[in-house]
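Once you have looked at the hints, place chain B on chain H.
Protein chains in written order, with the numbering used here: chain H, 16 to 519; chain B, 183 to 629.
Incorrect hints may have been included.
What the hints assert, rightly or not - Some but not every residue of chain H turned toward chain B, in silico, with C-beta under 7 Å: (1) Pro128; (2) Ile141; (3) Gly373.
What the hints assert, rightly or not - What follows is a list of derived Cβ distance ranges for each label pair: (4) H:Arg83 x B:Glu235: 31 to 39 Å; (5) H:Arg83 x B:Gln198: 25 to 33 Å; (6) H:Arg342 x B:Gln198: 49 to 57 Å; (7) B:Gln198 x H:His213: 51 to 59 Å; (8) B:Lys462 x H:His213: 54 to 62 Å; (9) H:Ala226 x B:His496: 22 to 30 Å; (10) B:His496 x H:Ala59: 30 to 38 Å; (11) H:Asp147 x B:Asp334: 41 to 49 Å; (12) H:Ala226 x B:Tyr574: 34 to 42 Å; (13) H:Glu132 x B:Gln219: 35 to 43 Å.
It should be emphasised that the hints constitute simulated quantities derived from the structure, not laboratory data. This structure is a prediction, so every number in the text was calculated from the model and none was measured. Heads up, the beta-carbon is just placed ideally off N, CA and C, and yes, glycines get one too.
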Amino acid sequence: MKTDKIRKATLHVNQNEGLIFEKSSPGKKAYSLPPLDVPEVDAARLLGPQARQDLGHMPEVSEIEIIRHFTRLSTWNYGVDTGMYPLGSCTMKYNPRVNEFVARLPELAEAHPYQPEKLSQGTLRIMQTLSDCLLEICGMDAVTLQPAAGAHGELTGILLVRAWLQSQGNPRKKILIPDSAHGTNPATAAIAGYEIEHLKSNALGMVDLDALRAQLNEDVAALMLTNPNTLGVFEGEINRIAGMLHEKGALLYMDGANMNALVGKTRPGDNGVDVMHLNLHKTFSTPHGGGGPGAGPVLCKKILEPFLPTPVIEIAGDGKFRLNYDRPQSIGRVRAFYGNFGMLVRALAYILANGPDGLRQTTEDAVLGANYLRKRLEGVYDLPYKTPSMHEVVFSDRLQAAKGVKTGDIGKRLIDYGFYAYTVSFPLIVHGAMMIEPTESESKEELDLFVEALRSIAEECEQTPELVTNAPHHTRISRLDEVTAARKPVLRWKPGEQARSAAE
Amino acid sequence: MRYLPKSPSDRAAMLQEIGVRSVADLFSQIPPTARLQRDLNLPPAKSEAEIVEWFRQRALENGNHYTVCLGAGAYHHYRPVIIDSLISRGEFFTAYTPYQPEISQGTLQAIFEFQTMICELTGMEVANASMYDGSTAATEAVLMARRITGRDGVVVARSVHPEYREVLRAYAKNQGVSIAECGFGQNGRVDPAAIGQAITGATACVLIQSPNFFGTVEDVEAMAEVVHKKGALLVVAVAEAVSLGALRPPVEADIVALEAQAFGVPLGYGGPYAGVVATKEKFVRQMPGRLVGETRDKQGRRGFVLTLATREQHIRREKATSNICTNQALIALMATVFMIVYGKEGLKELARHNLAKTAYAVERFRKAGATVLFEGAPRFNEFVVQTKADPYRINDRLLESHILGGFPVLKKFYPELGAGHFALWCCTELVSREAIDYAAETIRTTA
Chain H
16 MKTDKIRKAT
26 LHVNQNEGLI
36 FEKSSPGKKA
46 YSLPPLDVPE
56 VDAARLLGPQ
66 ARQDLGHMPE
76 VSEIEIIRHF
86 TRLSTWNYGV
96 DTGMYPLGSC
106 TMKYNPRVNE
116 FVARLPELAE
126 AHPYQPEKLS
136 QGTLRIMQTL
146 SDCLLEICGM
156 DAVTLQPAAG
166 AHGELTGILL
176 VRAWLQSQGN
186 PRKKILIPDS
196 AHGTNPATAA
206 IAGYEIEHLK
216 SNALGMVDLD
226 ALRAQLNEDV
236 AALMLTNPNT
246 LGVFEGEINR
256 IAGMLHEKGA
266 LLYMDGANMN
276 ALVGKTRPGD
286 NGVDVMHLNL
296 HKTFSTPHGG
306 GGPGAGPVLC
316 KKILEPFLPT
326 PVIEIAGDGK
336 FRLNYDRPQS
346 IGRVRAFYGN
356 FGMLVRALAY
366 ILANGPDGLR
376 QTTEDAVLGA
386 NYLRKRLEGV
396 YDLPYKTPSM
406 HEVVFSDRLQ
416 AAKGVKTGDI
426 GKRLIDYGFY
436 AYTVSFPLIV
446 HGAMMIEPTE
456 SESKEELDLF
466 VEALRSIAEE
476 CEQTPELVTN
486 APHHTRISRL
496 DEVTAARKPV
506 LRWKPGEQAR
516 SAAE
Chain B
183 MRYLPKSPSD
193 RAAMLQEIGV
203 RSVADLFSQI
213 PPTARLQRDL
223 NLPPAKSEAE
233 IVEWFRQRAL
243 ENGNHYTVCL
253 GAGAYHHYRP
263 VIIDSLISRG
273 EFFTAYTPYQ
283 PEISQGTLQA
293 IFEFQTMICE
303 LTGMEVANAS
313 MYDGSTAATE
323 AVLMARRITG
333 RDGVVVARSV
343 HPEYREVLRA
353 YAKNQGVSIA
363 ECGFGQNGRV
373 DPAAIGQAIT
383 GATACVLIQS
393 PNFFGTVEDV
403 EAMAEVVHKK
413 GALLVVAVAE
423 AVSLGALRPP
433 VEADIVALEA
443 QAFGVPLGYG
453 GPYAGVVATK
463 EKFVRQMPGR
473 LVGETRDKQG
483 RRGFVLTLAT
493 REQHIRREKA
503 TSNICTNQAL
513 IALMATVFMI
523 VYGKEGLKEL
533 ARHNLAKTAY
543 AVERFRKAGA
553 TVLFEGAPRF
563 NEFVVQTKAD
573 PYRINDRLLE
583 SHILGGFPVL
593 KKFYPELGAG
603 HFALWCCTEL
613 VSREAIDYAA
623 ETIRTTA
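Pulled out of the complex, with its shape left as it was, chain H reads as follows (with noise of 0.2 Å):
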């Protein structure tokens, strides 16, 4: 195997780890409670007919297997902690340790959403400094910490715009969303009652204005518009395209999954944007934890916020905060309790910790590193859009397609590498999408590394293609059969199916 142009990673050591269910052996036990100091009672007999027999086939380990058994399968795993994170429109930037130790304070930690408004003063005022910093970044008038993800936010954004529309006597039918628009927009749309109107883009990859003016009419309640768009292309008609809307009584929705390419440079609130939603855990660094959990923040104008998730923060007449339930025209509530609180306390220790200084300077390099790796990989890669990058840029496999090798197969690669592949086939208006979003938590040192892993890559693709097409050959397993895991799915362990284990 060809490793010598590998500079980044180098092969190790790795544990082997069957299932937990296979260490598992009657007796054994990781837990302890402390002997109860109330009378014992009879489960069978307090339950009746309601009352468990067994507990099939929850393992019995001790503590020292679970914790070398996660450990172990961490070390499967890729992190930001372990390198670049290339994963365009997801912001893969470092997670700063402080704002784990805050969030884990135990006042703020062990905090009933239930408990007493008295008790909960500190609590409600992060969420409030939190709440007049994002305001403040985006430009807009008022703000709900509720929604758990970015797709949540979205529903709930849509779901204003609805509620607005229909205080005025009517919804509307329609949702216009851009054709490089992520998938969450017309699901989003779809769940809020209503159809989807795709919008091309132009030849340059933004909204096509003809296009907009021609699909416009009384029928159309929103347009939801990515800026940067996916493409990573600032949509430098913004306050055009917001005026047309605005015009047929429609409203403007910015989805702010791209926002790490804004802040503290243009406020999407001054520039005709009516509702957006945030990503803490893309803009503001909150952990992606393996998938989740996010924080999806709505940002809206004035005229949405009495429609806004119950309830609300408010300031007293004494100074103190309080929970405000009593909203008549309010949507509702798009889940329990208040948001994702953990990862609002990290989010605003992220802010805290750079000050608009520092907000700045992390968008500039942000934007300073995806133009970078545009321009050292221009040529090397096809870039199919030449308009100007902002946080990220989108490659095409095509010169590499020639020679039957595809996206996916340059990602794979990528892995060898020691890196994450970026996003790959996305957006759909790209064929053979390569769409690589750096953030500004990569050094110079880590993306040439990057640059020349690619480069060499591309030699490959030339030379050796088969060496791509079956990447990754370094990792403890290589390509899975997802056609099966598909057809037949498996999706929980049983008793007496033995599996052959990895190490096998």
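Coordinates of chain B only, in the frame set by chain H:
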């Protein structure tokens, strides 16, 4: 800025390579009129020490170290310390959704173990990788039932958590889903006969919660019989996961919507938590959310992948089963570690401790002159207490001794309880006998 790894000379070299004079040139596509021409009006950057201090001050403004007798959808259980040790491994918490399985096997295998244990505990055949929380899981379960049956109605027990019902209303409103509510009887349970009457030919499903909002255990078996006879599906929400250690699993349900917070997830002022949707194998293709499946690599070695993605928004877009993109992987990992730490015997013992504390508290409160509602049906670790005094007054007195009394807002959600003062109490394994005795005495002596 301490999080940024580029030196001034790195930046200069990069700008030179790009071929622009200054970083401002990189933002030239933002029209001048759209640019922010000033600094953001935010507090100046703080050092790490200042950040810690700022949040410590906020922590001091909050309550600290209370005995928690509040439940109502968020449960205070002991969290074994190894949960945080393990989820703090950077490879877990700084990873993303496992799109590249070859270097995401840690997350994928952990989710597979999570799905397996949720199936074991709920009696369902498949479970997803998690949802935002119990309220959205219950809502998504109802929408799933609608897709399966092609019917638009849902009958919801009023003993389902009030906030879960609010979430369902917000989601359902614009999808043509009609919601009918069904009340509870003298024993705190929904009456299967009343449910039977509420079901029409247009009913997709019945949503109940067990233990319900009052802590009363519903008769899932009897309910399922009635619901299935009428051709509808039964969705059972479980807000207090620890109850599964003592209670017969809701095997007759078609879909279970679980809130996993009780499994080692901090109260955290309401989130992040993790919901789960579990169901029968035959309904798997209508499930929302991520699913992890077992498969083999080219050499025949076992491995795990995200699977059945054709249900999801990134493939199906507006025709997806849900708009959900993420799950709550790290929270699900907390729950996974918790379930393994307690395991087959520990979960039973833990649940029994909750039963014992609650049985003791019920007895003590009664002796103190309070009425405990809903006799004739078993309860897990919550119960509704009627007192002569206003529960807010009782709770104020208890706070002086660092006890958080029962949830006093019950009447707002349940006017049908009628005249009198009511509160919903919860006694987990962390509530001491001493605290229970003290609370009982406070109830007795509060006018």
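A quick look at each hint next to the structure:
The closest approach between the C-beta of H:Pro128 and any C-beta of chain B is roughly 3 Å, which is under the 7 Å cut-off, so the hint is satisfied. Annotation: interface hint on H:Ile141 holds; nearest CB of chain B at approximately 5 Å, less than 7 Å. Taken as an interface hint, H:Gly373 checks out: its beta carbon lies about 4 Å from the nearest beta carbon of chain B, inside 7 Å. The hinted window of 31 to 39 Å between H:Arg83 and B:Glu235 holds, with their beta carbons roughly 37 Å apart.
In this structure the hint that H:Arg83 and B:Gln198 lie 25 to 33 Å apart at CB is violated, the actual value being about 49 Å. Checked against the given bound of 49 to 57 Å, the beta carbons of H:Arg342 and B:Gln198, roughly 55 Å apart, stay inside it. About 41 Å separates the C-beta atoms of B:Gln198 and H:His213, a value inconsistent with the hinted range of 51 to 59 Å. The supplied range of 54 to 62 Å is broken by B:Lys462 and H:His213, whose beta-carbon atoms lie about 36 Å from each other.
Between H:Ala226 and B:His496 the Cβ separation comes to about 24 Å, which falls inside the hinted range of 22 to 30 Å. In this structure the supplied range 30 to 38 Å is violated for B:His496 paired with H:Ala59, their Cβ-Cβ distance being about 48 Å. The hint said 41 to 49 Å for the Cβ distance between H:Asp147 and B:Asp334, and at roughly 42 Å that hint holds. About 59 Å separates the C-beta atoms of H:Ala226 and B:Tyr574, a value inconsistent with the hinted range of 34 to 42 Å.
Under the hint 35 to 43 Å, the C-beta atoms of H:Glu132 and B:Gln219, about 40 Å apart, fit the expected range.
Figure legend: structure checked against the earlier numbered hints; hints not met, in rising order: 5, 7, 8, 10, 12.
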